[in-house]
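Enquirer: These are the residues of each chain, in order.
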Amino acid sequence: MRPPRVLLAKPGLDGHDRGIKVVAMALRDAGAEVIYLGLRVTPEQIIRAAVDEDADLIGISSLSGAHLPIAEQILAAMGRAGCDAPLVIGGTIPARDAAALRSLGVAGVFPVGTPLPRVVEGVLRVAGAQAVA
Amino acid sequence: MAAADDDRPVSTDSGIPVAPVYTAADVAGGPEGLAERLGLPGQPPFTRGPYPSMYRGQTWTMRQFAGYGSAEETNARFHFLLGQGQTALSVAFDLPTQLGYDSGHEMARAEVGRVGVAIDTAGDMTDLFGGLALDKVSVNFTINATAPIILATYLVAAERQGVTPGQLTGTLQNDILKEFLARKAYVFPPGPSMRLAADVVEYAADLLPRFNPISITGYHAREAGCDAIQELGLTMASAIAYCEELTGRGLEFDRFAPRLSFHFATTLDLFEEIAKLRAARRIWYRIATQRFKAADPASARLRFFSGNSGTTLTAQQPLNNVIRSTIQCLGAVLGGAQSIHVMGYDEAFAIPSEEAVTLSLRTQQIIALETGVTRTADPLAGSFFVESLTDEIEARAEAVLGEIEDAGGAVRALERGIPQRWITDAAYQAERDIAAGRRAKVGVNVHVTQEPVGDMALFQLDPGVAERQVARTRRRVAARDEAVCAAAVQRLRRDTGEGRNVMPALVEAARAGATVGEMSDVFRAAFGEFREPSPW
Chain X
-15 MRPPRVLLAK
-5 PGLDGHDRGI
5 KVVAMALRDA
15 GAEVIYLGLR
25 VTPEQIIRAA
35 VDEDADLIGI
45 SSLSGAHLPI
55 AEQILAAMGR
65 AGCDAPLVIG
75 GTIPARDAAA
85 LRSLGVAGVF
95 PVGTPLPRVV
105 EGVLRVAGAQ
115 AVA
Chain D
133 MAAADDDRPV
143 STDSGIPVAP
153 VYTAADVAGG
163 PEGLAERLGL
173 PGQPPFTRGP
183 YPSMYRGQTW
193 TMRQFAGYGS
203 AEETNARFHF
213 LLGQGQTALS
223 VAFDLPTQLG
233 YDSGHEMARA
243 EVGRVGVAID
253 TAGDMTDLFG
263 GLALDKVSVN
273 FTINATAPII
283 LATYLVAAER
293 QGVTPGQLTG
303 TLQNDILKEF
313 LARKAYVFPP
323 GPSMRLAADV
333 VEYAADLLPR
343 FNPISITGYH
353 AREAGCDAIQ
363 ELGLTMASAI
373 AYCEELTGRG
383 LEFDRFAPRL
393 SFHFATTLDL
403 FEEIAKLRAA
413 RRIWYRIATQ
423 RFKAADPASA
433 RLRFFSGNSG
443 TTLTAQQPLN
453 NVIRSTIQCL
463 GAVLGGAQSI
473 HVMGYDEAFA
483 IPSEEAVTLS
493 LRTQQIIALE
503 TGVTRTADPL
513 AGSFFVESLT
523 DEIEARAEAV
533 LGEIEDAGGA
543 VRALERGIPQ
553 RWITDAAYQA
563 ERDIAAGRRA
573 KVGVNVHVTQ
583 EPVGDMALFQ
593 LDPGVAERQV
603 ARTRRRVAAR
613 DEAVCAAAVQ
623 RLRRDTGEGR
633 NVMPALVEAA
643 RAGATVGEMS
653 DVFRAAFGEF
663 REPSPW
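First to last, the protein sequences are chains X and D.
Going by my numbering, the residue at position 52 of the first sequence is 36; the numbering climbs one at a time, nothing skipped.
Going by my numbering, the residue at position 56 of the second sequence is 188; the numbering climbs one at a time, nothing skipped.
Hints in this document: simulated from the structure, not taken from any laboratory.
From a predicted model like this one, the values you see are computed outputs, not experimental measurements.
There could be a bad hint or two in this list.
Stated by the list, open to error - Using C-beta positions, here's what the derived DEER-type ranges look like:
# : chain 1 : residue 1 : chain 2 : residue 2 : range
1 : X       : S87       : D       : A265      : 45 to 51 Å
2 : X       : R109      : D       : R626      : 32 to 38 Å
3 : D       : A157      : X       : G112      : 58 to 64 Å
4 : D       : E664      : X       : R32       : 17 to 23 Å
5 : D       : G631      : X       : A33       : 45 to 51 Å
6 : D       : D538      : X       : G89       : 29 to 35 Å
7 : X       : R32       : D       : G217      : 48 to 54 Å
8 : X       : G112      : D       : G631      : 53 to 59 Å
As the list claims (entries may be wrong) - Residues of chain D placed beyond 12 Å of chain X at every Cβ, according to the derived structure:
#  : residue
9  : E204
10 : Y233
11 : L402
12 : A500
13 : G504
14 : D587
Glycine included, each C-beta is placed from N, C-alpha and C at the ideal position.
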């Protein structure tokens, strides 16, 4: 079985990339293949890369408070493009918004304060299920 | 959480070994050597502080970073903070303003007013300071890629109050190098970005004698992961790069150096942080006098703003953050800061609520008014431990600076990704240390409770802000004299292309009603946009 392939990106304008880079390194050390697209990528760029790279999961990070509209934009664009990779999100996400994100269709929410091993485990579980499916 | 039989060496957060006890033998050169390295407060090499009387003469400036929504919401927050005894202002801008997009731009829509105030025009800037006399209040601007544009709108706002540039006090962050390094709100490539930053400093040297046109910062590299020693070394490398850019234009060092300001983090390793801040002044003194041959003592006298560290705060048990912030604020004071921001206890989740920011201000006020720490300058001078640590950090930061110089200086090292790798590796290591329990974090890996995380009243943005802001800008654009504005933007295009200082043309364009987005587009067309190379 090939290792899970995880696509990470920072949509929106937020530049806080400490967290997503740490998660990228931890996922890599846990055996995942990680593709990191960097900052200020559009939903279309994310989806194109997810399709091209045959990603098992898309992970985004937002620390500017824009997580809800950004997740909506990406999910809508994924729907239009027929991209069915699960979307997970991490960042400064208040508890009240985590439930809202899940009901939008986000497969995993990792708010600030989630221990790194739990992020890795959660991402790999969702990505692994996708890789097998 | 280290057990008594733990045989790992005891060291500071940045890895300097710490002995069980310090004596006079740990202070190099004996009392005379020390006296030479210290001087007196306000005297070379300024180790003990930039001013002779320090906080007896003037308490540090209490400057809580604030901004959200549009100009009117932020103006209300400014009035509130000043009413609570804050002594100066510090503007947080939203990401579209920081990156040169108007609020109606498709890249901007989701981010308008979220992490700061949305400013599209000089009209917004005028509203931001409604009822606030700009010849009286000192204002800090956390703005970098678009710093020249925002300064231009500010000069127009002051002009509309009848205030001249010479009367303005405050600080423009305008440190683009640390954006590439850590903060990541860059737009244009490094070369043209350095030119824009230097244009501002050069312009200010002539017209803004009381204003700090740049705040050279290690804070963001520290927040992104590096240690205190690297923070100090990187800050000095940046300072050298700006000074070389300016002296390379033929500007005399003493013309601009007295108005350079600095910005450091103050985190939780109390003594290491105090030592770092003292060492910073001594290193800058040496750079200014030896490398740049400063003749004016003010050119060699480092003044700094301290922000305490957001990354030390936790989502778990958030009230603990009040304690963390208090200790960090005390560290900044004992390190001799000129102005201070204290983080809100809720900033792991959102920008601070009014309650949280008030408590941050009260933290500063209690330290200033109730603890007696303002009574004497540099109270820790002569402590065997603090002096030994100051010397050690100075030596190690000089070594970091040497590595950057060997790599070709700050700009070249950045382009090669060298300090970025230090930062990323250190951030990963810190996270693994917390996960493995090697670094104690109360509420996270020790003294953990099961209470729900993030279950408190947080700042919430009015969802109508973006729409109102877009409509306001549309009205202002419709009301301006289009021919005058177009001519001003054309002049900006010409001056940019011909390598002139962009500030006069920016002021004219801002006055004519050009938007932040339109002015940024002139630079985008001339310089292109930077894309960070992959970190791996």
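Enquirer: Now tell me if each hint is right for this structure.
Expert: These are the hints, each one checked on the structure:
no., hint, verdict
1, X:S87 x D:A265: 45 to 51 Å, "holds (49 Å)"
2, X:R109 x D:R626: 32 to 38 Å, "violated (58 Å)"
3, D:A157 x X:G112: 58 to 64 Å, "holds (59 Å)"
4, D:E664 x X:R32: 17 to 23 Å, "holds (19 Å)"
5, D:G631 x X:A33: 45 to 51 Å, "violated (38 Å)"
6, D:D538 x X:G89: 29 to 35 Å, "violated (51 Å)"
7, X:R32 x D:G217: 48 to 54 Å, "holds (53 Å)"
8, X:G112 x D:G631: 53 to 59 Å, "holds (56 Å)"
9, E204, "holds (19 Å)"
10, Y233, "violated (8 Å)"
11, L402, "holds (23 Å)"
12, A500, "holds (30 Å)"
13, G504, "holds (36 Å)"
14, D587, "violated (6 Å)"
The structure shown violates the earlier hints numbered 2, 5, 6, 10, 14.
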